[in-house]
Amino acid sequence: DTGVSQDPRHKITKRGQNVTFRCDPISEHNRLYWYRQTLGQGPEFLTYFQNEAQLEKSRLLSDRFSAERPKGSFSTLEIQRTEQGDSAMYLCASSLGSSGTEAFFGQGTRLTVV
Amino acid sequence: QQQVKQSPQSLIVQKGGISIINCAYENTAFDYFPWYQQFPGKGPALLIAIRPDVSEKKEGRFTISFNKSAKQFSLHIMDSQPGDSATYFCAAFATGNQFYFGTGTSLTVIP
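The listed protein sequences derive, respectively, from chains A and B.
Oh and the first sequence: position 35 is 35 in my numbering, straight run, nothing missing.
Just add 1000 to the spot in the second sequence (first one is 1) and you have my numbering.
Hints should not be assumed to be uniformly reliable.
[Unchecked claim] Which chain B residues face chain A? A few, computed with CB under 8 Å, are given here:
no.: 1; residue: 1044
no.: 2; residue: 1099
no.: 3; residue: 1104
[Said to hold, decoys possible] The calculated DSS-like cross-link candidates involving lysine-lysine, where the alpha carbons are at most 30 Å apart (straight line), are:
no.: 4; chain 1: A; residue 1: 57; chain 2: B; residue 2: 1071
no.: 5; chain 1: B; residue 1: 1005; chain 2: A; residue 2: 57
no.: 6; chain 1: B; residue 1: 1015; chain 2: B; residue 2: 1058
no.: 7; chain 1: A; residue 1: 71; chain 2: A; residue 2: 11
no.: 8; chain 1: A; residue 1: 11; chain 2: B; residue 2: 1042
no.: 9; chain 1: A; residue 1: 57; chain 2: A; residue 2: 14
no.: 10; chain 1: B; residue 1: 1057; chain 2: B; residue 2: 1071
no.: 11; chain 1: B; residue 1: 1042; chain 2: B; residue 2: 1057
no.: 12; chain 1: B; residue 1: 1015; chain 2: B; residue 2: 1057
no.: 13; chain 1: B; residue 1: 1058; chain 2: B; residue 2: 1005
no.: 14; chain 1: B; residue 1: 1071; chain 2: B; residue 2: 1058
no.: 15; chain 1: A; residue 1: 57; chain 2: A; residue 2: 11
no.: 16; chain 1: A; residue 1: 14; chain 2: B; residue 2: 1042
no.: 17; chain 1: B; residue 1: 1057; chain 2: B; residue 2: 1068
no.: 18; chain 1: B; residue 1: 1042; chain 2: A; residue 2: 57
no.: 19; chain 1: A; residue 1: 71; chain 2: B; residue 2: 1042
no.: 20; chain 1: B; residue 1: 1005; chain 2: B; residue 2: 1015
no.: 21; chain 1: B; residue 1: 1015; chain 2: B; residue 2: 1042
[Unchecked claim] Far from chain B, by Cβ distances over 10 Å, these chain A residues were calculated:
no.: 22; residue: 18
no.: 23; residue: 19
no.: 24; residue: 27
no.: 25; residue: 42
no.: 26; residue: 53
no.: 27; residue: 61
no.: 28; residue: 73
no.: 29; residue: 91
No wet-lab data here; the hints were simulated from the structure.
Ideal Cβ positions, reconstructed from N, Cα and C, are used throughout, including at glycine.
Between the sequences and the hints, there should be enough to build the whole structure, so can you do that?
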C-alpha cells in the first residue's frame, strides 16, 4: 500500500496522559499536514511541514501539542496532558511540492480521552 | 472565521438524480479547489479538483463548476447512486499555505 499510513487507528487514553501518533506520508511527498476533525465538522488545520521544516502552526493549537518530522520522512504528533476536549480524529495528509496540490489523507487516528 | 462556506448541511436525493453542493470563499489568493469524499470512520478521499483558470471540470459523474467573479464553486454528482452516500467537503488552498475546509455536506441517496 503506497498511501498515507497512520498509526494507531484508535487510541483510548485517560485524561492527563500523553499520546503520540505517527504518520508515514506517500513516498517522496515533501509536504505533510496534520488536521483534526470532530464529529460533524470539517478538518481543522493543526500544522504542516515542508520536508523537515515546520512552516506553520495553528494559533488555535495549544502548547500541549507538538509535531516533528525528522529527516523529512515520517511525522509524529504528540499531545501532552490530554484533556477530554482533545477527543477527535487526527488526520495526516501529504502532497508533492509547495503548491500543495493533490493532498492525500490517511485513515486517521481516532483519539478518545476518558 | 470560516474561510470556506458550504451548503447545504445535508442533502437527500433519489437514485439517478443530480446532487448539487455549493461552496463560497472570500480570499482571492486561493488558487486550488478540491472536493473530498468521506465515509464514516475513514479519512477524506480526493474526488476532483479545479483551478480558477477554468470554469468547469468533469470526471465521470462528478463535475465542478467554478465562478471566479462570484467566488463560488459547486460539485454536481450526476446519476447519483446509493454508493455515493457520504459526507462531501469542499476545500480551498493558496500556494504555500494550508487547506481550508468547508463544514461538510451529508449526502444520502435513496434507492
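Status of each hint after checking the structure:
1. Using the Cβ-Cβ criterion of 8 Å, the hint placing residue 1044 of chain B at the interface with chain A is satisfied: the shortest such distance is roughly 5 Å.
2. Against a cut-off of 8 Å between C-beta atoms, the interface hint on residue 1099 of chain B holds, since the closest Cβ of chain A lies about 6 Å away.
3. Using the Cβ-Cβ criterion of 8 Å, the hint placing residue 1104 of chain B at the interface with chain A is satisfied: the shortest such distance is roughly 5 Å.
4. Between residue 57 of chain A and residue 1071 of chain B the alpha-carbon distance is near 27 Å, which keeps this suggested pair within the 30 Å criterion.
5. Simply put, residue 1005 of chain B and residue 57 of chain A have alpha-carbon atoms about 22 Å apart, close enough for the 30 Å limit, and the pair holds.
6. The straight-line distance between the Cα atoms of residue 1015 of chain B and residue 1058 of chain B is roughly 20 Å, inside the 30 Å bound, and the hint therefore holds.
7. A distance of roughly 26 Å separates the Cα atoms of residue 71 of chain A and residue 11 of chain A; the hinted pair therefore holds under the 30 Å criterion.
8. For the hint linking residue 11 of chain A to residue 1042 of chain B, the alpha-carbon distance of about 15 Å falls within 30 Å, and the restraint holds.
9. At most 30 Å may separate the alpha-carbon atoms for a hinted pair to count; residue 57 of chain A and residue 14 of chain A meet this at roughly 26 Å.
10. Simply put, residue 1057 of chain B and residue 1071 of chain B have alpha-carbon atoms about 16 Å apart, close enough for the 30 Å limit, and the pair holds.
11. For the given pair, residue 1042 of chain B sits about 26 Å from residue 1057 of chain B by alpha-carbon distance, which is consistent with the 30 Å threshold.
12. Simply put, residue 1015 of chain B and residue 1057 of chain B have alpha-carbon atoms about 23 Å apart, close enough for the 30 Å limit, and the pair holds.
13. Between residue 1058 of chain B and residue 1005 of chain B, the direct Cα distance comes to roughly 22 Å. Compliance with the 30 Å bound is thereby established for this hinted pair.
14. Taking the CA atoms of residue 1071 of chain B and residue 1058 of chain B, the gap is about 19 Å. The hint holds against a cut of 30 Å.
15. Using a Cα cut-off of 30 Å, the hinted pair residue 57 of chain A and residue 11 of chain A holds, with the two alpha carbons roughly 23 Å apart.
16. Proposed proximity of residue 14 of chain A and residue 1042 of chain B is supported: the alpha carbons are some 24 Å apart, at most 30 Å.
17. Between residue 1057 of chain B and residue 1068 of chain B the alpha-carbon distance is near 14 Å, which keeps this suggested pair within the 30 Å criterion.
18. For a cut-off of 30 Å, the pair hint linking residue 1042 of chain B to residue 57 of chain A stands: about 24 Å separates their Cα positions.
19. Among the hinted pairs, residue 71 of chain A with residue 1042 of chain B is consistent with the structure: their alpha-carbon atoms are about 28 Å apart, no more than 30 Å.
20. For the given pair, residue 1005 of chain B sits about 27 Å from residue 1015 of chain B by alpha-carbon distance, which is consistent with the 30 Å threshold.
21. Taking the CA atoms of residue 1015 of chain B and residue 1042 of chain B, the gap is about 24 Å. The hint holds against a cut of 30 Å.
22. Distance check for residue 18 of chain A against chain B: the nearest CB is about 24 Å away, which clears 10 Å, and the non-interface claim stands.
23. For residue 19 of chain A, the non-interface assignment is confirmed: its Cβ lies about 19 Å from the closest Cβ of chain B, beyond the 10 Å cut-off.
24. Non-interface status of residue 27 of chain A relative to chain B is upheld: no Cβ of that chain comes within 10 Å, the nearest being about 17 Å off.
25. For residue 42 of chain A, the condition that its CB be more than 10 Å from all CB atoms of chain B is violated, with the nearest at approximately 4 Å.
26. With a least CB separation of 13 Å from chain B, residue 53 of chain A remains clear of the 10 Å interface cut-off, as annotated.
27. Residue placement check: residue 61 of chain A keeps its beta carbon more than 10 Å from all beta carbons of chain B (closest about 12 Å).
28. Every beta carbon of chain B lies more than 10 Å from that of residue 73 of chain A, the smallest distance being close to 20 Å; the non-interface claim holds.
29. Annotated as non-interface, residue 91 of chain A brings its C-beta within 10 Å of a C-beta of chain B; the closest such distance is 6 Å.
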